[in-house]
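Chains S and H, in that order, give the protein sequences. Add 3 to the 1-based position in the first sequence for our numbering, that's all there is to it. Add 41 to the 1-based position in the second sequence for our numbering, that's all there is to it.
Think of the hints as simulated: they come from the structure by calculation, not from any bench. Quick caveat, the model's predicted, so the values are computed rather than measured. Treat the hints loosely; a few may be bogus.
[Claimed, not checked] Restraint ranges, calculated between C-beta atoms of paired labels, are given here: (1) 462/S <-> 107/H: 49 to 57 Å; (2) 135/H <-> 203/S: 19 to 27 Å; (3) 57/S <-> 105/H: 50 to 58 Å; (4) 212/S <-> 139/H: 53 to 61 Å; (5) 42/S <-> 147/H: 36 to 44 Å; (6) 94/H <-> 433/S: 31 to 39 Å; (7) 249/H <-> 199/S: 55 to 63 Å; (8) 440/S <-> 180/H: 37 to 45 Å; (9) 32/S <-> 180/H: 12 to 20 Å; (10) 99/H <-> 384/S: 52 to 60 Å.
[Claimed, not checked] Computed list of chain H residues with no C-beta within reach of chain S, every gap over 12 Å: (11) 87; (12) 89; (13) 98; (14) 144; (15) 209; (16) 223; (17) 237; (18) 252; (19) 254.
Think of the CB as a built atom: it goes at the ideal place given N, C-alpha and C, for glycine as much as any other residue.
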Amino acid sequence: MPLWQSIPFASVMLPLAGAAVTAALPPRASRRWAGALMAVVWGLSVGLIVCLLTGGGSFTYPMGHLGAPWGNELRAGPLEALLASLFSGVMLLSLLGGADKLREDLTPGRQPFYSVLLLLTLAALMAQVYTNDLFTAYVFVEIITLCGCGLIAARSGTGKSLSAAARYMVMNLIASALFLLGVILLYDLTGHLLMDPLRGAVQVLAADPARELPLTMVVALLCVSLAIKGALWPFHTWVPDAYSTATPTGAAVLSSLVCKAYLILLLKVLTRVITPEVLAAVQADQVLFLLGIAGMLMGSLHAIHQRELRRMIAWSSVAQVGYIFMGFGLRGGLGMGASVFHMVSHAVCKSMLFLAADALIRASEGHEALRNLRGAGHRAPLAGVCLSAGLLSLVGIPLLGGFVSKLNFVQAAIAAGGIREPIALAALAVSTLLHIFYCVRAVLLIWSQPEQPLTAPAPRIPWRAGLALGALLVLNLALGCLAPPVWTVIQSGLAVIG
Amino acid sequence: MKGANNRWLEQGDDALDRLIAERIDSPVPETPAPRPPRKRRVRTVHIPHALYLALALLLCLGIIGALMQTTARLPSFGNPDNPTNNEVSRRYLEQGLEETGAVNLVAGMILDYRAFDTLGESNVLFVAICAVIILLRLQQGEARPDDTAWEPRHDLILRTVGRLVVPLVLVFGIYVILNGHLSPGGGFSGGAVIGAGLILCRLAEGGERMGKVLSFRTFRALSTGALSFYALSKAYSFFTGANRLPSVITPGVPGRIFSAGLIPYLNIAVGLVVACTMYALFTLFRKGDL
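With the hints as extra help, turn the sequences into a complete structure.
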């Protein structure tokens, strides 16, 4: 086995082993150590993409000296490598961009433990991306869930983040239980936990009429549990508070990465275990499609009503998750690809939005409400540009990642045909209009002249935050202008995943 | 006060948030906002409470019914032809002793065949305790809640029984951990026993004495040391196994105390993490520190 095939193993084990040590480090060193590990994982993942594209195909890696199906197994292909590099890179930039706010929001005694949570989240994200085993996926779902609670509640001295964390915890623990129930039922019916043999066993089950109800329940449990965790409407109730009260690093990591990890797991379950044919046979793809469309519209409608910038961005996440589920529900291969591309573009966009929103709020004497952010773009130009670019990307303005996303969804809808084509196209059009309402309004607001100039001079954006915002802006533009290579990686990854 | 709380509860989540925000959150800003707040009514859809309850009940009953129907259609329990009795469980039973060296096959499964999952599980505990530390551990300058008056200080019965029972509990826990690869038990169960013993010891002897034995620094060193050892040793085992490299870890002679490769040491590591986590959860929730 060539050495580069150990990269998935290293991407999981490095942060996992490094996390324990972090608890004993002083605050600043713990952040640097966490950042360094994230950078190493990012570098390794980029290397893996290159190796896989030149070497081709995918490979499995046994986690243990006895190998699968007796032990655990990792599996890597171009799609997994792309997502791993995306997750580690965006997490590094989120930590960099939010580091200064982190020092204000958390007392020094708490900061090392926050770094521990970030590193364990990274390890669990990597495990989620690479795992080939449903039970391993469950274990790391648990780690991400608990880390998420810490990331939300960590902001000291605010009761709001505590109540948000409590709401998050209730919803997500119910979802964990449902997911575990689904895995147990599937194991009882098939005797497998590994995805490759499960796929064959599920085909056999689908042919047996006596097992129709259990199979439908398994699909429903797995889809609903991951939809709750991925914040699909109407299971989104924990989202607005959680994203808008967490410290910027936490909000960026939760909205752009943690939620995507569940969606990636769902994608793997839907393509590798429950194949699209079985999904269509139990009518689950229609449910996903309709809930996705409902999410697209409801998320945007609520975002229009919000009077605080960060709550508005949080509600817009609900709409974006709706897009991804709509893609899952579109028949034909293009829907999945469009969803994955949207995950990538949304991850890059949402982390930038939360970091930029925080910088703008700081430049406006800490006022969160939209009406008090009038003219904030003039006080913090870089953050203003980033927020504008992110919001316009959500609308789908060309040259930005969101445009390519929407184009992919339109193409997937046309390719899907049937009754879904007009519904999806209409929903995309209406959703874009709704996006224009709240996104363009916010952009115009932050660049208009303030009615009364603030007396205090605006604080400078710290260099770390500036660097992170700049890098994320470049990434957004790159996704918009140079989308074909990314699309090729996604397509080649999806081709070997099934 | 009680009436006030109920009122907030009845008004729902937003009202609760507002209450918490008012009580804890923000001191009212002195400077006036740049623009006076615009009067605007928030339009929300109010579902009547009774209708909400009825719908929730119906939904729950529906889910219960569907799940019970599903259970009735599962393979019958204990049937030798069930899909779960496949080559995987056969291999565990037939070759588990030879391949892992563990007489207790469960230990062989969770700490050798599927050690990656168990590494994740022990990190779940670590995540939980980190989140609790972030939330509850008192920071420098924060007032320590003075609840010493409520403690059973110098409680003769508790202290006497504690002195009798605690050593036995701890020894039994250590036995369960060390014998984990030979008989039923292992790190999780033994660690839970030790954790319970430590909690009892703290209740009997008081926080000051216990704090000298198991301070926050000791707790941190034990947890991080055990988890790092687990991660690093299994990383070695995974890497050598996947690349078919010769490994220094051998199953040994089954039945001996030093056998079964890494399993006894991993049991000790897991036991330390579980015991420390249980004790720390208890004390953090009570006192905000160890």
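Legend entry - CB-CB spacing for residue 139/H and residue 212/S relative to the 53 to 61 Å hint: violated, 42 Å
Legend entry - Distal placement of residue 209/H relative to chain S, Cβ over 12 Å: It holds; residue 209/H is separated from chain S by about 31 Å at its closest Cβ, greater than 12 Å.
Legend entry - Pairwise beta carbon distance, residue 32/S to residue 180/H, judged against the given window 12 to 20 Å: The hint (12 to 20 Å, Cβ to Cβ) holds, given that residue 32/S and residue 180/H are roughly 19 Å apart.
Legend entry - Separation of residue 89/H from chain S, once the least beta-carbon distance is taken, above 12 Å: holds, 19 Å
Inset, instruction - Hey, is residue 254/H genuinely clear of chain S, shortest beta carbon separation above 12 Å? - result: Per Cβ check, residue 254/H is outside 12 Å of chain S; nearest 19 Å; holds.
Inset, instruction - Find the nearest Cβ of chain S to the Cβ of residue 252/H and say whether that gap is larger than 12 Å. - result: Residue 252/H clear of chain S: closest Cβ-Cβ about 17 Å, beyond 12 Å.
Inset, instruction - Using the beta carbons of residue 440/S and residue 180/H, state whether their distance is inside 37 to 45 Å or not. - result: holds, 43 Å
Inset, instruction - Starting from the hint 19 to 27 Å, judge whether the C-beta atoms of residue 135/H and residue 203/S obey it. - result: Once the Cβ atoms are compared, 24 Å apart, the range 19 to 27 Å for residue 203/S and residue 135/H holds.
Legend entry - Interface-negative label, residue 237/H against chain S, beta-carbon threshold 12 Å: Holds, because the least Cβ-Cβ distance between residue 237/H and chain S comes to about 22 Å, which exceeds 12 Å.
Inset, instruction - Using the beta carbons of residue 94/H and residue 433/S, state whether their distance is inside 31 to 39 Å or not. - result: holds, 34 Å
Inset, instruction - Determine whether the non-interface label on residue 223/H survives the test: each CB of chain S must be over 12 Å from its CB. - result: holds, 21 Å
Legend entry - Outcome of range test on Cβ distance (residue 249/H, residue 199/S; 55 to 63 Å): holds, 57 Å
Hint 4 from the earlier list is the only one contradicted by this structure; the remaining hints agree with it.
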